[in-house]
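Student: These are the residues of each chain, in order.
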Amino acid sequence: MIVGTQKPFPEIWEMVQGFKRVLVFGCNTCVAICHAGGGKEAEILATMLRMKAAEEGVAIEVKDLAVQRHCEPEYFDQVIEEVRGYDLVLSAACGVGVNFLTQRIGNVPVYPAINTSFYGAVPKAGVFVELCAGCGNCVLHLTGGICPIARCSKSLMNGPCGGTDKGKCEVSKDIDCAWYLIVERMKELGTLAKLSEIQPPRNWATARDGGPKRIVLEHIAEEEAAEVKK
Amino acid sequence: MTTMKSGSNLERVIASGQPAVTGELGPPMSADPAEVVHKAHVLKGFCDAANITDCQTAIVRISSVAAAVIAQREGLEPVMQMTCRDRNRIAMQADLLGAAALGVKNCLCIAGDHQSFGKAGKLNGHPGAKNVYDVDTTQLVGILKKMRDEGLQQGGDKLQVAPKFHIGASWTPLGDPLDFRPVNLKKKVDAGADFIQTQGIYDVELFRSQMKKAADLGCFERTAMLAGIIVPKSAMMLKYMDSSVSGITVPPALIARMAKAKEAAGDDKKKMKELQEAEGIKIAIELIKQVLDIPGVKGVHVMAIEWESALEPIVKGAGLYPRPTFADA
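Line order of the protein sequences matches chains G and Z. If you're matching positions, the first sequence starts at 1 in our numbering and goes up one per residue. If you're matching positions, the second sequence starts at 1 in our numbering and goes up one per residue.
Calculated from the structure, these hints are not laboratory results. Nothing here was measured: the structure is a model prediction, and the numbers come from that model. There's no promise every hint is true.
[What the hints assert, rightly or not] Which stretches of chain Z does chain G cover? Using the computed rule of at least three CB atoms under 8 Å from a CB of chain G, they are:
#, segment
1, 75–89
2, 113–121
3, 128–135
4, 140–154
5, 187–194
[To be verified] Listed next, the in silico DSS-like pairs over lysine-lysine satisfying Cα-Cα at most 30 Å (straight line):
#, chain 1, residue 1, chain 2, residue 2
6, G, K166, Z, K213
7, G, K173, Z, K213
8, Z, K298, Z, K164
9, G, K166, Z, K239
Ideal Cβ placement from N, Cα and C applies to all residues, glycine included.
When you get a sec, could you build the whole thing from the sequences and use the hints?
Tutor: Structure representation (C-alpha cells):
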C-alpha cells in the first residue's frame with residue numbers, strides 16, 4: 001500500500017489562506033490504513049481548520065468528504081460536481097490522488113494535506129515500513145525476497161557496503177541493513193551461492209529515471225473503446 | 001617483467017614483490033591548493049602512492065580528481081578515490097577519462113559514506129543531498145576494467161584512447177555479515193580489481209581467518225591485498241572506533257595499552273598527547289609487521305588521518321624505508 005503522513009498543521013493552515021470554501025477530501029484506501037488521509041482524518045482535519053479559523057477570526061467554510069479511492073474515476077465521479085463547488089480541495093489522498101483529481105476537476109485548485117512517503121506494509125498496528133521502490137525491474141528472486149533497491153540506503157546490488165554494524169545500516173541504528181537480511185535469508189533458503197554472481201549495472205530507465213511511465217493493456221483499452229462506440 | 005596494466009608506481013612496486021605502502025591524503029574544504037601541496041610533501045618518499053579521498057564523510061572538499069593532479073605535480077603518486085555516492089555512470093566515466101588525460105594512473109572504487117554523515121560535530125554537511133548510487137563498487141570496478149581492457153564505455157561506445165588505470169577497491173573484512181565478506185571480496189576481484197585496500201585492522205587474528213577464506217576462493221591469484229592500518233592517536237580514538245566505526249573491532253588489550261601510555265603522563269596534557277602518539281606509532285608498526293606475515297597480504301595502506309607526519313617514523317620503524325624506485329621511472 002501507499003503510506004503517507006499528514007503534513008504539519010501550520011503548513012496546511014498556510015495553504016488554505018485566502019480561500020473561502022475549502023473541502024478536505026479523504027481517501028478510504030491506503031492512506032486510511034496509515035491514519036493519514038481517510039474519511040476520519042479528513043473530518044478531524046476539517047474540524048481543526050474550523051477551530052483555528054474561529055480562533056484567528058478568519059471567515060472560511062470547511063467541509064469534509066471521503067470516497068473509497070482517488071485513483072479510479074468511478075469512485076469520485078459520483079461526487080465530482082459537489083467537489084467542484086469549492087474554492088479549494090485539500091486532498092488527503094496520496095500524491096496519485098492529488099494529481100488525478102487535478103486532471104479531472106476543472107478550474108479548482110487541489111492541494112495536498114499529506115506527504116506521500118513510500119510503498120510499504122504494516123508489520124504491527126501503528127508501524128509502517130518501506131519495502132518496495134517501484135523501480136520497474138524486480139530483482140527479488142535474486143535477493144531472497146528482500147529488496148536492495150528500496151531497503152539498502154545506497155541501493156547496492158552486489159552486497160553490503162562497509163557501513164553495516166551488527167545488522168544495522170550506517171545511516172541509523174533504527175534501519176536494518178538490507179544486505180545483512182538478504183545474506184541471512186539466503187543462507188536459510190540454501191541459495192547463498194547465487195549471491196556470488198555479479199549483478200551488472202542496472203537499466204534505471206524502468207524507474208523514474210526513464211521519465212513518467214504509462215502502461216497500456218491493449219486488449220482492455222480496445223474493448224473499452226469499442227463499448228463506447230456502441 | 002610482467003606487462004603493466006597502468007604502469008603506475010604502485011603497480012610496479014606490487015609487481016616487484018616488495019611490500020607496497022600506500023598513504024592517505026584528505027583534501028581540504030578550500031579552494032587553496034596549499035594544503036594538498038603541503039601534505040604531498042610530507043607523504044612523498046614514504047609511500048608508493050597515496051589515496052586522495054573523495055569528499056570523505058560526505059563533506060565538500062577539493063575534488064579527488066583535482067587534488068590527485070595537484071599531488072602528482074608535487075611528485076606524490078595519487079590513488080584517486082571515486083565514490084558511487086555523488087556521480088552517475090556518465091559523470092564517473094567522464095571524470096575517469098579526465099583524470100587519465102591528466103596522468104592519474106590509480107583509481108580506488110568505493111561506495112562512499114552516506115550523505116547523512118556530513119552533519120557531524122560543528123559541520124552541517126549536506127544531509128539533504130540526493131545520493132546517486134547509479135552503480136555500486138563492484139559495478140564501477142567492472143566499468144573501469146571494460147574501459148581499460150576493451151576500450152569501451154559501459155554503454156558500449158568505443159573510446160578512441162582507453163584510460164589505463166590500476167584498479168582498486170575497498171574491502172571491510174571484519175564487517176557484518178562476516179561470513180559473506182570473503183564472497184564480497186571475490187566479486188570485486190572477479191569484476192577486475194587489481195588491488196584491494198581494507199578498512200583498518202586491529203584484530204589481526206580475525207583478519208587472518210578472513211584472509212584464509214578469501215584465499216580459498218582464489219582471490220589472491222589475481223589481486224594484491226593491502227591491509228589497512230589506521231594509526232591510533234589516543235585511547236579515546238581506539239574506544240570510539242571499537243564502539244562506533246563499522247567493521248572495526250579493537251582488542252581490549254590494545255585499548256588498555258594506550259590507556260596505560262596516557263596514564264604515564266599524569267596530569268600533563270601535552271605529555272599525554274605525546275606519549276599516546278608515540279604508542280600509536282609503535283602499535284601501527286607492530287600491526288604492519290603482523291599483517292605482512294599473513295599469506296596474500298602484499299602491502300599496507302596506512303591511514304594517519306590528519307596526521308600525515310606519522311607516516312615517516314612508521315615506515316622507517318617497520319623496515320619499509322627507503323621505498324623502491326625504478327631506474328626508468
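Student: If a hint holds in the structure, say so; if it doesn't, say that too.
Tutor: Structure-based check of all given hints:
A count of 3 residues in the segment 75–89 of chain Z with a Cβ less than 8 Å from any Cβ of chain G is obtained; the coverage claim is therefore met, three being the minimum. Counting residues of the segment 113–121 of chain Z whose CB falls under 8 Å from any CB of chain G gives 4; the rule of at least 3 is met. Restraint check on the segment 128–135 of chain Z versus chain G: 4 residues with Cβ-Cβ distances below 8 Å, three needed, restraint holds. Coverage of a stretch by a chain is defined here by at least three residues with a beta carbon nearer than 8 Å to that chain's beta carbons; for the segment 140–154 of chain Z and chain G the count is 3, and the condition holds.
Look at the segment 187–194 of chain Z against chain G: 3 of its residues bring a Cβ nearer than 8 Å to a Cβ of that chain, three or more, so the hint holds. At roughly 21 Å between alpha-carbon atoms, K166 (chain G) and K213 (chain Z) fall within 30 Å of each other, so this suggested pair holds. For the proposed pair K173 (chain G) and K213 (chain Z), the alpha carbon gap of about 29 Å is at most 30 Å, so the pair holds. The straight-line distance between the Cα atoms of K298 (chain Z) and K164 (chain Z) is roughly 22 Å, inside the 30 Å bound, and the hint therefore holds.
For the suggested pair K166 (chain G) and K239 (chain Z), the alpha carbons sit about 17 Å apart, so the restraint of at most 30 Å is met.
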